[in-house]
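Chain V is fixed; fit chain X onto it per the hints.
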Amino acid sequence: MSKAPVTDIRWNDKTAIVDAAGEIDLHQSAVLQQQLLDVLDQKPDRMIINLANVSYMDSSGVASLVKLLSRTRKNGISLALAAPTKKVRAIFEITRLDSVFEIFDTEQEALA
Amino acid sequence: MGKKNRFCGGVYVSDKYNAALKMKEPSEQVLQLSICSDPKGLHDVREQVERFVLDVGMGDEDCSNVVLAVDEALTNVIRHAYDGKPDQPIDITVVPMDGELSVIVRDYGKVADRSKIHSRDLDDVRPGGLGVHIMQQCMDSVEYLPAPEGGGTILVMTKNIQ
Chain V
1 MSKAPVTDIR WNDKTAIVDA AGEIDLHQSA VLQQQLLDVL DQKPDRMIIN LANVSYMDSS
61 GVASLVKLLS RTRKNGISLA LAAPTKKVRA IFEITRLDSV FEIFDTEQEA LA
Chain X
1 MGKKNRFCGG VYVSDKYNAA LKMKEPSEQV LQLSICSDPK GLHDVREQVE RFVLDVGMGD
61 EDCSNVVLAV DEALTNVIRH AYDGKPDQPI DITVVPMDGE LSVIVRDYGK VADRSKIHSR
121 DLDDVRPGGL GVHIMQQCMD SVEYLPAPEG GGTILVMTKN IQ
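Going down the list, the sequences are from chains V and X. Residue numbering for the first sequence follows the working numbering, beginning at 1 and increasing consecutively. Residue numbering for the second sequence follows the working numbering, beginning at 1 and increasing consecutively.
For reference, chain V alone in the conformation it holds in the complex:
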């Protein structure tokens, strides 16, 4: 168990499922980014970020995920976002990044 915003990292074979939580704003985004990049260093084949418990995200949080996406693409790793709340999904729609990220309604769908 790590400290927020990443609250847990679970492994399903070579897939890292990362649970994020809380409010991802300018205060938390740098921490989130570093925690996610640390998971990437463990060389998963796939990463799923479960956003179900993220109650708020602004452009700082989105930027952290874009940075992660860039790194996963360079390393041939698949990245998916799962279970965003309506409010969190909205910021991806506003920034049109909903067509750039793989976003699934549930973690199960992301794993399928």
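Computed cross-link-like contacts, SDA-like style, restricted to lysine to any residue with a CA-CA straight-line distance of at most 25 Å:
1) K87/V with G41/X
2) K86/V with G57/X
3) K67/V with I117/X
4) K86/V with G129/X
5) K67/V with K40/X
6) K87/V with K40/X
7) K40/X with A4/V
8) K87/V with D44/X
9) K40/X with A52/V
10) K86/V with A112/V
11) K67/V with G84/X
12) K40/X with A90/V
13) K87/V with S141/X
14) K40/X with G22/V
15) K86/V with S141/X
16) K85/X with H27/V
17) K110/X with H27/V
18) K87/V with Q162/X
In case anyone wonders, no lab produced these hints; they're calculated from the structure. These numbers come from a predicted model, not from an experiment.
Relative to chain V, chain X alone:
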């Protein structure tokens, strides 16, 4: 009497904001916050703005948009006007009037070059530079006013109250 909150040694002003908005009479219902440029304070600002905006009758979705726009405005001020220094003053005023909500964010840092403040190409997928676009999407109008006395920038955003 408007609500007034002071988190730390910011500057409490109201008249110049009213002048900037060319308000005839300030509403009795005004939220005024003077905060420091510390990202740790963003949560409290969001909470207070959300409570206030719901109180004036905005729906949940519009309220979320206003809160996000304020957050993005403050993030820009902290990162660009104050280069991340956490102890600089920012004043926030939220005023409902004539069916419209106005949000004014005043900083005293580096003056923003208004000609360079614009939404970027979203097809260029990269971190950063999304704040202005988000503000423009969330609000009906976003305008940077010329730097007043004392330096800094005034950002005025408006949104119709449905």
